[in-house]
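As they're listed, the protein sequences go chains A, B, C and D.
Numbering-wise, the numbering used here puts 3 at position 3 of the first sequence, and it's gapless, one number per residue.
Numbering-wise, the numbering used here puts 126 at position 126 of the second sequence, and it's gapless, one number per residue.
Numbering-wise, the numbering used here puts 275 at position 275 of the third sequence, and it's gapless, one number per residue.
Numbering-wise, the numbering used here puts 204 at position 204 of the fourth sequence, and it's gapless, one number per residue.
No lab work stands behind these hints, which were simulated from the structure alone.
Treat the numbers as computed from the prediction; the structure is a model and nothing was measured.
Warning: the hint list may mix true and false statements.
To be verified - With a straight-line Cα cutoff of 25 Å, these simulated DSS-like cross-link-like pairs (lysine-lysine) come out:
| hint | chain 1 | residue 1 | chain 2 | residue 2 |
| --- | --- | --- | --- | --- |
| 1 | C | 421 | B | 336 |
| 2 | C | 336 | B | 169 |
| 3 | D | 169 | A | 164 |
| 4 | B | 164 | C | 408 |
What the hints assert, rightly or not - Cβ-Cβ distance ranges computed for the label pairs, FRET-style:
| hint | chain 1 | residue 1 | chain 2 | residue 2 | range |
| --- | --- | --- | --- | --- | --- |
| 5 | D | 482 | B | 177 | 55 to 61 Å |
| 6 | D | 216 | A | 388 | 55 to 61 Å |
| 7 | A | 388 | C | 478 | 41 to 47 Å |
Claimed, not checked - Which chain C residues face chain B? A few, computed with CB under 7 Å, are given here:
| hint | residue |
| --- | --- |
| 8 | 75 |
| 9 | 134 |
| 10 | 167 |
| 11 | 233 |
| 12 | 236 |
| 13 | 237 |
| 14 | 391 |
All C-beta atoms, glycine included, are put in the ideal place defined by N, C-alpha and C.
There are 4 protein chains.
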Amino acid sequence: MQSIESSWADFARPIASAEDYIASLRGRRMNVFFMGERVGEPVDHPVIFPSINAMAETYRLASERPALGGVHTPIAGLQTNRFLHVPTGPADLVAKHEMQRELGRRTGTCFQRCVGLDAIGACHSVTFDIDAANGTDYHQRFLAFLTRAQTANIVIGGAMTDPKGDRSKAPHQQTDPDLFLRIVKRDANGIYISGAKMHQTGAVNSHWLIVMPTMRMTEADKDWSFVGALRVDAPGLTYVVGRQTNDTRAVDGGALDAGNAQFAGQEAMIVFDNVFVPFEHVFMDGEWQYASTLVERFTTYHRSSYVCKTGLGDVLIGAAAEAASHNGVESVSHIKDKLVEMTHLNETIYSSCMAAAYRSKPLASGAFLNDEMLSNVAKHNVTRFPFEIARLAQDIAGGLVVTMPSEKDLQNNEIGPLIRKFLQGKSGVETIYRMRVLRLIENMTIGRNAVGYLTESLHGAGSPQAQRIQIARGMAIEDKKARARKLAGVEERERSG
Amino acid sequence: MQSIESSWADFARPIASAEDYIASLRGRRMNVFFMGERVGEPVDHPVIFPSINAMAETYRLASERPALGGVHTPIAGLQTNRFLHVPTGPADLVAKHEMQRELGRRTGTCFQRCVGLDAIGACHSVTFDIDAANGTDYHQRFLAFLTRAQTANIVIGGAMTDPKGDRSKAPHQQTDPDLFLRIVKRDANGIYISGAKMHQTGAVNSHWLIVMPTMRMTEADKDWSFVGALRVDAPGLTYVVGRQTNDTRAVDGGALDAGNAQFAGQEAMIVFDNVFVPFEHVFMDGEWQYASTLVERFTTYHRSSYVCKTGLGDVLIGAAAEAASHNGVESVSHIKDKLVEMTHLNETIYSSCMAAAYRSKPLASGAFLNDEMLSNVAKHNVTRFPFEIARLAQDIAGGLVVTMPSEKDLQNNEIGPLIRKFLQGKSGVETIYRMRVLRLIENMTIGRNAVGYLTESLHGAGSPQAQRIQIARGMAIEDKKARARKLAGVEERERSG
Amino acid sequence: MQSIESSWADFARPIASAEDYIASLRGRRMNVFFMGERVGEPVDHPVIFPSINAMAETYRLASERPALGGVHTPIAGLQTNRFLHVPTGPADLVAKHEMQRELGRRTGTCFQRCVGLDAIGACHSVTFDIDAANGTDYHQRFLAFLTRAQTANIVIGGAMTDPKGDRSKAPHQQTDPDLFLRIVKRDANGIYISGAKMHQTGAVNSHWLIVMPTMRMTEADKDWSFVGALRVDAPGLTYVVGRQTNDTRAVDGGALDAGNAQFAGQEAMIVFDNVFVPFEHVFMDGEWQYASTLVERFTTYHRSSYVCKTGLGDVLIGAAAEAASHNGVESVSHIKDKLVEMTHLNETIYSSCMAAAYRSKPLASGAFLNDEMLSNVAKHNVTRFPFEIARLAQDIAGGLVVTMPSEKDLQNNEIGPLIRKFLQGKSGVETIYRMRVLRLIENMTIGRNAVGYLTESLHGAGSPQAQRIQIARGMAIEDKKARARKLAGVEERERSG
Amino acid sequence: MQSIESSWADFARPIASAEDYIASLRGRRMNVFFMGERVGEPVDHPVIFPSINAMAETYRLASERPALGGVHTPIAGLQTNRFLHVPTGPADLVAKHEMQRELGRRTGTCFQRCVGLDAIGACHSVTFDIDAANGTDYHQRFLAFLTRAQTANIVIGGAMTDPKGDRSKAPHQQTDPDLFLRIVKRDANGIYISGAKMHQTGAVNSHWLIVMPTMRMTEADKDWSFVGALRVDAPGLTYVVGRQTNDTRAVDGGALDAGNAQFAGQEAMIVFDNVFVPFEHVFMDGEWQYASTLVERFTTYHRSSYVCKTGLGDVLIGAAAEAASHNGVESVSHIKDKLVEMTHLNETIYSSCMAAAYRSKPLASGAFLNDEMLSNVAKHNVTRFPFEIARLAQDIAGGLVVTMPSEKDLQNNEIGPLIRKFLQGKSGVETIYRMRVLRLIENMTIGRNAVGYLTESLHGAGSPQAQRIQIARGMAIEDKKARARKLAGVEERERSG
């Protein structure tokens with residue numbers, strides 16, 4: 001069992017660059033598996049590295065554009081990465097979303113830091129509220145933790161989704177109590193937790209994790225109602241990195257076949273086996289009444305964070321236009337019209353997310369939270385429009401997106417020249433550029449980064465039905481009915497008469 | 001020919017209330033026609049009055065909620081109606097849109113003042129820009145005019161859309177030069193204009209009009225390139241109020257059949273026959289290069305103004321929920337789901353408009369203009385979603401919306417009791433309330449206010465294709481292509497090599 | 001009380017033409033109300049006549065194209081109108097649907113005979129099935145009735161929809177038992193029925209009505225479980241013709257304002273007060289078990305009958321193209337693209353209906369019934385696509401559709417010439433033609449025939465949710481799951497192991 | 001150069017079963033490449049075999065259900081596979097489409113024989129028409145060829161799509177004349193052809209190919225205007241099998257990761273280097289006027305052939321329902337509603353295709369051709385609805401579809417048990433079954449068979465715009481306009497007056 005100080009010892013020197021960040025991931029002793037094999041050093045794993053590199057882009061951005069990728073935080077009193085910042089006004093949330101779109105544009109994938117960022121935001125206010133009600137000191141603990149993190153400029157991951165088992169049962173009703181992460185033991189220094197968290201974004205690429213409950217809890221679920229922070233290499237943790245579409249193209253086909261060879265997302269299953277969390281890093285401990293508040297605030301933040309997909313949309317629209325240009329058809333009216341439609345849908349998402357930021361409101365802790373209705377609306381649009389944008393991109397690009405030979409064919413002496421000859425497009429465009437752009441479109445619509453652009457757009461931060469439930473709660477239907485009655489001439493007096 | 005002073009003499013006492021406003025419309029000598037007959041006093045015309053009453057609501061709001069419906073204007077240095085205010089920051093545009101939604105909620109129709117408001121906004125900056133380039137004094141003239149208008153607290157209408165004739169020809173190329181409003185004569189005091197403006201919102205209900213060019217002009221179109229303000233009762237003006245769906249229900253069926261008996265919109269054709277405008281009220285005179293700038297700024301303001309339709313959406317969603325309640329099915333899952341979908345679409349429009357306001361930028365004159373891309377995106381959503389919301393409202397309401405007997409049947413001694421008996425819904429709901437709500441739904445989806453909620457949502461502030469052209473211009477496709485090339489691994493160096 | 005013979009005496013001479021049909025409606029003693037007034041002679045009522053004329057078109061078609069509008073029926077052994085024919089093979093249903101589309105094209109509205117036709121079809125097989133099970137003689141009674149009807153070549157209306165009151169309760173549970181049409185008395189000769197039927201298509205324009213239960217019944221609902229035929233002028237019947245959007249334009253604005261002055265639909269509420277039906281005309285009497293069968297067969301027929309809307313779609317597409325031509329923009333790419341989209345949606349509906357006819361299957365009586373799944377799918381498309389077609393028609397047509405002056409303005413000496421001057425479109429097109437086409441578009445999208453094209457498309461033959469329930473029943477989900485398991489490698493043996 | 005007899009010698013014994021078929025593919029000397037390597041024996045290649053097995057299913061179906069998968073052909077006068085049959089009536093096309101849906105259900109992928117089938121259909125009538133016009137004997141040659149093929153019961157592939165190069169130029173205008181397949185030489189016995197055909201479905205799995213022009217030709221394109229049949233192992237042919245999403249899961253992850261381990265599609269690029277085709281196998285030779293006829297007939301057949309996707313839809317709907325069942329949520333209302341929506345869309349496609357078959361019309365040769373408008377409409381729906389069905393399947397299935405560990409993880413002693421524990425769903429369902437179903441959904445929505453279900457649905461048989469052009473040609477807009485004018489009261493006499 002580590003002391004708090006020792007657990008932070010590795011982070012004495014702040015991470016100052018993308019290179020620092022990548023170096024910081026080396027040499028950790030983690031149990032990471034991928035495709036049935038233990039991964040010795042994730043940084044050196046060709047399938048995993050692109051996800052690390054996408055995360056590293058958050059540091060590159062902070063170096064290149066410190067006002068966008070970084071921020072002066074009043075908590076630690078220094079400049080840190082914006083992904084560690086608690087928003088204290090609409091401008092913070094606006095800047096956050098602009099950063100997210102820009103990172104989407106730079107990487108064309110999920111850069112994996114939003115879960116942690118939104119966990120920080122939610123914990124800030126919820127710990128404050130619990131303390132105000134109960135006289136606990138979670139908020140100070142949390143601020144102390146966050147100050148260290150901001151000072152070290154590390155990556156914090158957020159872990160929320162439990163396996164859930166039988167979805168009709170509460171945690172304490174499950175046949176197997178581990179199907180929700182839970183406290184299995186406690187001693188004078190802290191708690192011990194077991195269970196699992198599913199499809200955790202960027203887990204292996206983080207330094208610390210914040211674990212949180214995944215849904216509303218009841219009093220009988222107290223042992224499942226806690227929040228804590230822990231190092232990703234804490235004893236007892238095992239990671240299984242999930243398979244993604246075309247993941248092995250990183251090794252089997254060359255950069256061309258990968259489509260986007262530099263960047264990818266990552267989602268892992270994390271198994272907890274009696275993992276220790278000292279009280280200093282526990283930010284909720286049995287206050288089951290606050291589980292739903294935490295989840296709602298987290299999802300309200302996180303649903304607007306899906307503004308990142310508009311950055312991916314920018315890339316895909318650009319790729320489609322480039323492919324059309326290679327085919328010599330960029331100015332054909334139906335092609336232009338499709339590019340406009342893609343842009344319209346993409347900007348509609350953007351506007352929903354941005355409006356949710358501008359209309360954010362302060363919580364008791366001083367943190368600002370996106371407008372709940374608009375944040376749900378934004379995410380709900382994200383569950384629809386990227387699919388149509390992707391369909392239109394494939395429409396413009398043509399069938400070659402899914403029938404094209406491999407880069408290895410191009411390198412073959414016998415057939416390489418034939419491919420160069422027959423896959424040429426508009427005069428003056430190298431065949432290989434045409435192929436690269438088509439592979440990028442494949443990557444984003446039916447390849448590795450379609451995982452993030454499409455499926456994750458459906459389910460991340462809650463599936464479509466979760467947003468509909470929140471929209472139903474917030475839609476003020478009684479007020480709307482009263483407005484209608486007034487205009488219809490149904491007098492309130494008459495109604496009760 | 002009136003002097004400037006005399007032309008303002010009638011407005012010496014500021015309009016202080018809705019009653020004042022309505023009184024101010026009486027006794028004017030205007031040539032107004034409706035359905036082939038001269039309208040002696042529009043205020044007393046049962047078909048026209050609901051449109052006046054909708055306009056009056058802008059004064060009621062200013063009285064009841066002065067911070068929303070009114071504003072302190074720095075130009076005249078006093079509190080005036082917000083519909084006379086030039087926005088000087090994002091907060092002004094945000095407040096404007098909140099006011100527009102609230103007025104939509106209160107009236108369930110088009111309250112007709114946005115065209116004038118957005119004309120004011122556009123003229124403020126364009127006159128400034130012309131003066132800066134040419135040393136003219138249009139901006140001072142405009143400010144003097146606006147100061148008088150704000151002081152008198154009057155209604156200014158905007159008139160833009162010309163008949164256009166053969167759409168493939170410029171004004172000076174038309175067989176009939178009057179198909180665009182033009183200067184036919186000028187003397188030492190001012191200009192004389194002839195032609196027409198089509199489907200002018202709230203024209204008869206205004207005090208003054210600002211006339212503006214409707215599209216890009218060329219040098220040969222100088223005589224069609226002008227902006228001026230004139231009283232709606234200036235000699236030489238004739239108004240033909242357009243027919244609306246179910247307009248005569250205001251007279252033939254009783255309040256119930258009207259659906260929304262209190263409020264309606266208004267659009268009129270205005271014919272100009274040698275109408276004099278003194279130079280003091282001319283704000284552009286031949287500077288054809290600025291016509292397109294004016295149109296673009298106006299439409300950018302005006303497309304976001306369609307946020308008003310979300311207020312109508314609120315009413316229609318409420319009416320559908322009320323109808324479902326009368327049928328005893330409000331909690332049925334597919335009904336709830338449809339209400340959620342309606343809300344989702346409505347709030348998507350809202351978020352686009354609001355984001356366009358929050359992201360407004362200053363022009364040289366100091367006026368702030370909505371973000372152009374987002375404003376176009378917002379309006380483009382308005383050309384789609386109200387139609388789906390209306391379809392869902394009819395789905396929930398049931399076929400009775402279009403097969404229901406008249407209020408006169410209800411009043412008939414023989415059949416009235418039969419209707420009461422057989423049209424009853426859930427126990428405890430008076431049949432007449434059920435009927436009123438269904439008539440309101442008819443009114444907004446296939447009746448008089450569907451004109452504003454649906455068709456005008458398509459064409460007002462420019463038809464769908466107009467937005468697509470602007471989106472195409474603003475979509476920065478070369479930047480998007482560069483982003484795609486970078487991720488695809490198509491190096492810029494390679495491209496030029 | 002009339003004898004059977006006397007009840008048919010008026011129909012001794014078969015209706016041989018549209019003129020005959022219209023003449024046959026004169027002089028009947030019916031209690032018909034519209035807008036609070038008793039209608040002396042419906043044929044002479046300017047609001048009602050267009051609906052009679054639409055019905056008359058079914059006779060005109062039979063005269064002009066006897067192979068399409070008529071058919072040799074084996075039941076009466078003679079040529080009769082196709083609307084009286086029981087389909088005995090797929091070709092009959094195909095011809096029926098082709099006739100329905102053609103009548104939609106000719107009238108641009110609901111021609112009102114499909115309910116009766118589909119009632120005939122459903123009664124044919126259900127009476128056969130009841131007899132086969134119970135030894136009753138309903139089928140012979142029905143054939144005798146139908147033989148007379150076919151010989152006289154009359155119009156039979158169908159009446160199904162009850163007021164229903166509290167939708168969560170069965171007929172016998174209603175506070176007011178009349179909220180479903182019921183047998184209130186019986187004697188040696190027949191039954192006496194009271195209650196009402198809501199929004200009955202073409203009721204006033206029919207000669208006879210078939211009344212049917214509206215939903216599944218229970219044993220306690222025996223008195224509500226019956227089928228019978230009766231003359232529309234039977235003692236005890238009262239009709240209240242429903243208001244439609246813009247119905248009074250038939251009287252207040254001239255032919256131009258009506259948009260489609262010749263044709264319209266009709267829906268009426270029918271109140272039954274102790275109306276006698278002799279046993280010879282009773283085709284179900286208490287066999288509550290067959291109520292749901294009857295409803296399902298009727299709706300299966302009737303949902304495919306909505307193919308008529310593709311005929312209306314043809315007219316609306318044509319009107320939009322004509323309007324574009326008047327504006328000189330017919331060959332602009334986005335206009336053409338919208339016409340293609342409208343056609344695509346319209347033909348998708350057509351294909352669903354036709355496939356449901358071609359894949360019809362025989363019932364025990366020998367009658368053929370449309371494929372149930374495809375018929376539901378067809379109607380479900382009808383609840384969506386006409387709304388989009390209408391939106392696109394308005395998009396192409398422009399805002400003038402809802403802001404245009406009245407025909408009376410055109411006739412006014414002062415403003416008529418101004419309207420002619422300023423509403424001119426492309427050179428060579430008379431302004432009045434342009435206006436007529438725009439009024440037709442108004443008529444079909446937000447005017448009188450939008451009632452039939454849009455709202456009735458939602459609710460006729462069952463609201464959208466009714467189709468979804470039937471699709472759910474027919475979707476063979478267990479078979480689909482088995483197919484998926486097989487391909488996924490989930491062996492059936494394993495599943496039970 | 002082979003004689004005709006010798007070229008058929010290998011097919012002396014008819015293929016009687018799927019095993020026969022697979023055996024028939026062994027031992028051929030073909031130049032096949034995949035991922036840069038020569039494929040020695042495609043049958044033994046783990047990535048290619050699933051595509052062979054999908055093709056083999058057409059033989060299995062013929063064995064198991066000879067009335068569906070086979071047919072008695074009047075041409076050869078014997079029972080043969082239905083994929084070799086020229087349709088001689090609507091019933092043949094209906095049976096063909098039922099077979100295609102059933103094969104879609106059995107394989108969940110593209111079974112690759114439709115291109116060849118539709119090539120046969122198109123050549124039958126076009127050769128007849130050329131002969132009738134020019135006195136040539138192509139039709140007899142073609143019948144002789146087809147008789148041999150039907151007798152041998154072999155697989156014929158169709159090859160149409162040329163590389164096209166600069167899409168704005170005709171074949172003879174291309175810088176490189178090989179960008180369209182062309183005749184480079186001719187001698188007394190036949191022609192020699194060079195060039196390439198792109199993304200050819202099932203090419204490697206066929207026995208013979210029919211090559212056809214890809215678009216309208218001009219007189220200057222005579223050397224590009226020909227049709228011929230040749231063995232797939234003819235000297236001078238090279239095949240490059242295209243990469244598909246997740247293709248290497250066939251080797252790297254075990255059956256589970258593949259999702260559908262048994263079946264897949266195949267598309268290859270075929271390069272022709274001076275390949276000889278004897279005149280007996282040439283069915284068009286320079287008759288450039290018939291190139292567009294051939295293409296139009298082929299695409300009309302082929303667009304309806306996309307009915308196969310409804311079979312895939314059945315599988316995907318079933319998989320989604322199975323996944324919902326594993327999660328214990330199958331009866332939740334929003335889940336059921338989504339399954340209904342998926343079914344509705346799937347059956348809409350089905351109905352369009354079937355209607356196009358039932359409404360087929362005979363050509364001069366006696367072959368029947370699908371209705372052109374409805375076939376285009378059917379395919380156009382295929383370019384849209386599968387994408388929405390796939391989105392809904394992912395919605396129901398949950399995010400695990402794209403984050404799930406590999407089968408190899410399951411087999412790992414350390415983490416296998418953890419995965420079994422934490423990925424369990426509803427009690428009683430083995431975790432591995434749950435995983436298999438989710439992998440099938442991945443396979444069809446973002447994996448290997450999404451290539452066929454989604455992207456190929458867009459581009460196969462022509463991209464969306466190609467259908468829109470055909471719909472525009474067939475939409476009889478002048479007739480529709482005339483209908484509208486008639487109802488609007490615009491008299492034809494008036495128009496010309």
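To see whether the hints hold, each was checked on the structure:
Of the supplied pair hints, the one linking residue 421 of chain C and residue 336 of chain B is violated, its CA atoms being roughly 51 Å apart against a limit of 25 Å. At roughly 21 Å between alpha-carbon atoms, residue 336 of chain C and residue 169 of chain B fall within 25 Å of each other, so this suggested pair holds. Among the hinted pairs, residue 169 of chain D with residue 164 of chain A is inconsistent with the structure: their alpha-carbon atoms are about 59 Å apart, more than 25 Å. Taking the CA atoms of residue 164 of chain B and residue 408 of chain C, the gap is near 23 Å; set against the 25 Å cutoff, the hint holds.
Checked against the given bound of 55 to 61 Å, the beta carbons of residue 482 of chain D and residue 177 of chain B, roughly 35 Å apart, lie outside it. Distance hint check: the CB atoms of residue 216 of chain D and residue 388 of chain A are about 32 Å apart, inconsistent with the given range 55 to 61 Å. Checked against the hint of 41 to 47 Å, the C-beta distance between residue 388 of chain A and residue 478 of chain C comes to roughly 32 Å, which is inconsistent with it. Nearest Cβ of chain B to the Cβ of residue 75 of chain C: about 32 Å, over the 7 Å cut. The hint is violated.
Below 7 Å, beta-carbon pairs count as interface contacts, and residue 134 of chain C has none with chain B, the closest being about 33 Å; its hint is therefore violated. Using the Cβ-Cβ criterion of 7 Å, the hint placing residue 167 of chain C at the interface with chain B is satisfied: the shortest such distance is roughly 5 Å. Against a cut-off of 7 Å between C-beta atoms, the interface hint on residue 233 of chain C is violated, since the closest Cβ of chain B lies about 17 Å away. Interface restraint check for residue 236 of chain C: the shortest CB-CB distance to chain B comes to about 12 Å, outside 7 Å, so the restraint is violated.
About 12 Å separates the beta-carbon of residue 237 of chain C from the nearest beta-carbon of chain B, more than 7 Å, and the hint is not met. For residue 391 of chain C, the suggested interface contact is upheld, since its CB lies about 5 Å from the closest CB of chain B, less than 7 Å.
Hint compliance for this structure: hints 1, 3, 5, 6, 7, 8, 9, 11, 12, 13 are not met, and every other hint is.
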